[in-house]
Structures are given as C-alpha cells and as structure tokens.
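Undergrad: Going line by line, the protein sequences match chains A and B.
All the letters of the first sequence, read from the start, carry residue numbers 335 to 718 under our numbering.
All the letters of the second sequence, read from the start, carry residue numbers 335 to 718 under our numbering.
The hints are simulated quantities; they were obtained by calculation from the structure and are not laboratory data.
All the pointers check out, no bait thrown in.
Listed next, the stretches of chain B that the computed footprint assigns to chain A, with coverage defined by at least 3 CB atoms under 8 Å from CB atoms of chain A:
id, segment
1, 520-531
2, 540-549
3, 558-564
4, 701-708
Each pair of labels, with its calculated beta carbon distance range:
id, chain 1, residue 1, chain 2, residue 2, range
5, B, 497, A, 656, 48 to 58 Å
6, A, 425, B, 552, 54 to 64 Å
7, B, 416, A, 550, 50 to 60 Å
8, B, 475, A, 664, 32 to 42 Å
9, B, 666, A, 419, 41 to 51 Å
10, A, 655, B, 391, 45 to 55 Å
11, A, 363, B, 660, 47 to 57 Å
12, B, 633, A, 500, 39 to 49 Å
The beta-carbon is built from N, C-alpha and C at its ideal position, and this holds for glycine as well.
There are 2 protein chains.
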Amino acid sequence: MAHASQTSPVGILGGGQLAMMLGEAAQRLNMPTSILERNSASPAHAAHFPVTIGDWRNPSDLKTWLASLSIVTFENEFVDTGALREAAHSNLQFFPSLDAIDLIQDKLYQKEFLKNAGLPVPRFRSVSTMADCEACADDWGWPLVLKERRMGYDGKGTFVLRGPDALDGFWSHYHAGRDLMAEEFIPFATELAIQVARGKDGSVAHFPVVETFQSNSICLWAKCPALIPRNDATAIKQMASTVINQLNAVGVFAVELFYTASGEIFIYELAPRVHNSGHYTIEGCKTSQFEQHIRAVSGLALGETSLTYPGVAMLNILGEFDGQCDIQSPSSLANGHAALHWYHKQDSRRGRKLGHITAWGDTANAALATAIEARKEIELCPKK
Amino acid sequence: MAHASQTSPVGILGGGQLAMMLGEAAQRLNMPTSILERNSASPAHAAHFPVTIGDWRNPSDLKTWLASLSIVTFENEFVDTGALREAAHSNLQFFPSLDAIDLIQDKLYQKEFLKNAGLPVPRFRSVSTMADCEACADDWGWPLVLKERRMGYDGKGTFVLRGPDALDGFWSHYHAGRDLMAEEFIPFATELAIQVARGKDGSVAHFPVVETFQSNSICLWAKCPALIPRNDATAIKQMASTVINQLNAVGVFAVELFYTASGEIFIYELAPRVHNSGHYTIEGCKTSQFEQHIRAVSGLALGETSLTYPGVAMLNILGEFDGQCDIQSPSSLANGHAALHWYHKQDSRRGRKLGHITAWGDTANAALATAIEARKEIELCPKK
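Chain A on its own, in the form it takes in the complex (with noise of 0.2 Å):
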C-alpha cells in the first residue's frame, strides 16, 4: 500500500471533491499525495490521484495506510480521533492537530473556545432536558435553534423551533439519544465566510470575505468580495486570525459568519479544512485555498491571496434527481468567463453537490449574473 516517491507523501484522509482539488494543488506543486477512501469510486479516484481504498474506521487499514506518511490532513472534521492516535507512529504529523479537530468537532466546545476567545457568537447553552430548551426560549425568544453538538454539516442536525409546540413535537418524536445544545436564533441578513491559512511558522493569511447563499442550509452562491463596509472586512480578519492563532493550527480553516441589517457580526461554525464557501479562490485568487492549504501542511511559505478579477463568484451544481448523473458539455461556458469543476460523484441524489461553476467579472454580482448564464448552458442527465 504505500506508494514509490522520493519525498513523503502527504495523507489525505477522505477522497472526496475537497480531496480531489486538493490533490490538484499539490499535484501542480510536484507534491504527492497519499488518499485513503473506503468507497472504490470517488472524486479523488475519477482525477487519478493515488488512492487507498480502506475504511478509516478500520484499525489496520489506518495503520498500514499511516506507515508510509509523515504528514495527514484531512477533508472533513468528522473522523475518528481516538482511532487516529492508536493507529499513529510517533514521526507522524497531524495538520491541523487532533486536539482542534476534537474541539471543532462538538459545537458546544467549538462555541465556548469562541466565546472564551472574546468573539461574537450568538448566545448557546448545553442543554439536556425540555425544561431546559424552554429556559433558553424565556431568555433568548423564539425561534430557538437545537443542534446536535456532533456530526452536522449542510444543516443535517440542526434545529429552528418555532414555538412550545414545535419544541414538544422535536421533544416527543426527535431527541432520544442525542447529545444537544441551544442557541439564540439570529435573523441574519446575509451570510459571510472567510478562509484563513496559518503556516508552520505562524505567519498567517487571509483571503477575501465572501458572501454565501444558502437554501435549506445547503450554499447555492459564493460572491466575493462581500459588499460590506471596509471595517466589517477589517474586524473579520482578525476575528479568523484570533480563531486560528488560538488554535494554533496549520492549514486552511473557514470562519462562517452571519451578519445583521444593523450591521453585527456573529461568527456561526468553525471547519477546520477547505471549505465550500472558498472554492472561487482557484480562479478568484492568486493562489487558491486548496493550493495554500498544501502550502502550509508542507511548511512552504503561504502565497498571496488577493482576487485575480475585480468579482468572482461560484455557483454549486445540485444533484435533481436520485441516481447516477452525468453532465451534458456545456457549449461555451458564458464565453470564456466561466469555469467548470465537475466532481465524478459515482452516487449523486437531489441536492448533493456534483460539481461548481466558477465566473468572474467587473463586481461580484456581475460574476455571479455569469456564474448562472453557465449554468443554463449544462444539463445534468442519467449516467448511460
């Protein structure tokens, strides 16, 4: 299993698209990678990138996948830690460090590191009982948020109670067996994300603040830069400099943020990984997120991030339908100011992220106006 290359590979674990454009990077840096997916057919596998097919979950597989590796990063946060530790040998770095992962991974710690650090965060507590939850709707109001401290993302486990009745019916039918916490509902006027990179050497950089679109919790846009006041931008920065400084982390973190009509500032998740919302930066800015996150994981000094073109914007391409799904060639990609990325997901289901569009323009809006004339030149179609 371990693969022929003069300098230690650098371990990915999850073969996913974050792996996939990941590996892109380093492949363009002359960087080998080392990929450990359980599924046969993955985006890292379609883009060629050498894989191990083996179960993270699995003590041997992660054994003998770690043998051959000095350096692991990972695409997602929600791996196995105490695994991790057995499986590791003593020369083996984890970027960024399991104790991050651990923390980032229960939101309840990942709200009290913020909190405790003096950021914004809307106001949460651990709750266990209904009596509790109704404690906090007293204090906060309604709608009260639940979310489940582990394992959420695209907001699976996460909670908007409207009202008692809402939370009785959650309480009755939902609750049993999980570990929750309760937070103040922010009616948000948009919402806000940064990436922030942290070198070995503690130098720090920020890309740009972009402005994501959701719909039932799933991004449909990135548009960058956020058209908000300079000192909104400014106090970002340093609010994501403080998150990965503390944390004292290595890579490619994402800050996400919502942001009020009376202009406030709260940050709403950590994930300490490339991230979705900075998929624009591989066109969007001199150098992209995924390549600055190989960057820092391989001790390289980080490269310049500021936008390539005065907007750019991304659009994500949603599954429609259950099944295998293909894409139809697009027939000029808004003529040149638009680029594709194109997952190869073997297993596709309405509203899963297939693939990205990537447009640029004179504003953000003006790239994001692009992004969806791209969009309606592809049609996704049943795999044959």
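The hints should help you fit chain B onto chain A, whose structure is shown.
TA: Frame of chain A, contents of chain B only:
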C-alpha cells in the same frame, strides 16, 4: 367602445402585465378601468379586464378611446405624447403629466433634470461624434457607456464599450441615425430601487428600498429590505421625494440606483410608472405599488407601505425558448410561502418576462431562497 360604469374608468395605455396588475388592484377597489391595447391577446385580456383594441399611434383609435375617459395613466413611458396631446379632450388628465413623460422619455433630459435637482448621477454628456466619445473616455476613463436617448429598456440601446477598438466598431456599425449620450461607467456593487408615490394632494409615500439583481440587463430577482445602512436608505427616500415633488407627479414612480462598495449612491434611471422592481409589494407590502398607483391617480389617500413580512423576494420567470409557452401547475409553491403571478402572454420568447414568484420569510435572503425553491416546481412547456 365606451364602457358602462357609474364613475369614469381609469384609462390605462397598454395591456401588458403592468396593466394587468393595475387592473387587479383597481378591481378590488371597485374602480373600473379601460385599457387600450393593440394586440387582441394581452395579459390584460387574459385577466378578463375590459380592453379596447386599438393602436395608440392611430389618432382615430386614440380619440375614440379617450372620449369616455377623464383620467389616463401609463404602463409604458414610450408613448407618443404629441399624438396624445392632439387626441385629448379638455377634461382629460394624464397621470403623470405628458410633460413629465416627455422629460423621462429622453435619457439626456432625464439626467439633466436629476443633475439640476442636485441628485447624484454618473457623469454624462450629449455626444454626436466619435471625437465627443473619445473626449468623454479621456475624461472619465474606460469603459464608456453609450446610450440611445430614447426607447431603451432592459439594457436595449445601452452599450458598454471597453476601449478604443470597441468604440471604433460601434461607431462604424451602429451609431448611424441614433441620438446618443455618453455616461461614465460606475462599477456598482449592487443595484437598488425604490417605489415612491405622490397623491393629488401632494402627499408622498415611499416603499422600502429593494435590492435588484440583473443578468444581461434583465432583472432576475429583487429582494427587500436591501442590506444597506439605514442612513443610506433614508438618503434614497429623500432622493425619491425630490424626484417626484420636483416633477409635481401623481402616481407611482420607480427610481433605480447604483450602489458602490464604498457606499456611493447614483441614480441610474427613473420609470414614471409601476415597475418590475416593485412587484414584490403585492404580497410584501401593506399596499401594493399597483393599488398605490390607482389610489394616487384616482385621488384616494395613499396606503400604508411597510413590509408585511420581515423579508420578501420576487423572482422573475423568464422565457426559456421561443414560441408560445405554458406553465405546469406548481406542486406546493414552497409549501405556501410563495405566490405565483403568471402573465398569460401569447407571444413568448427566450428571456422574456412571463410571470413572477413572490416569497417571504425571516429575511430577504431567506425569502429569495424560498422563491428559488418555488421556481424549481414550475416547468415551462410549449403551449398545446
């Protein structure tokens, strides 16, 4: 051709979707309307409003239609005011006045009016030679915007020239016989609009500031409230008041604006009528722009204009093919959080506005996401 009714009907020149929605509002107020439209199958026909078939460029059609009316208003500013003046009897009132229509019809006069009123507009000049255009580009830089002074809408008649070569090409192939003006290019971050109404008593009522999103100069969506600082919204309301007071106009006007990343505001264009950017007001405001216009021109008190939901969005349904188009009934319209307005156009083509969806929610973005979900339920198909 006269219509039997107790009170004299409100005459509406044109039978498109704006006339249809004005008619719907008038009907609820028990205010009869009389619509002049040359096509025998218009949105106003489809909605069963009394339509007089006639061409407003034909003096005899016009005279006959006007005979039974004492109030006339417009769904379109590109009318022949000379013909209207000639055909009008002495008791006839036009709202807005034909003088106001004359001024707004000509984009150069319109901009001069705005500038003289002390309102912020992009720099502009009348141009009649290529040297004039070159002088503008020397002063303001590229790109340079050239506009036909009359008849342009949805971007038609507007040309963004990126450099001297483009100007050359434009001048040798396109300019002949056109009255042109030049404008500096504003790299706006977003477009805004506001509806403002003025009654016969001089009272003024503003709708909220709405954010609009265009692709190829065609509005894809509008969402309200716009995410701009409160001070800027107040400034925009004051600008709208200045416009409508200085024109001494009666009825609803739309003011379209550019908003830059540094918070600069420029008035881009006036519409002396109800406008696509205000369609959200049907469900989204306590009084719709259509009802407000009927109230104003018929001398009723202006209605309350505040939002009925914290956030509202409007998504245009645009033609996807050339040829008469039908719609399949939506299954749930976003579970009741959205409404559909279908215009029943007989003549459909790619990119044409065929209907719209309004949706609502906790925020403008949430409403837009709901509108996008509702749009997915709607399939356009060739009419059988």
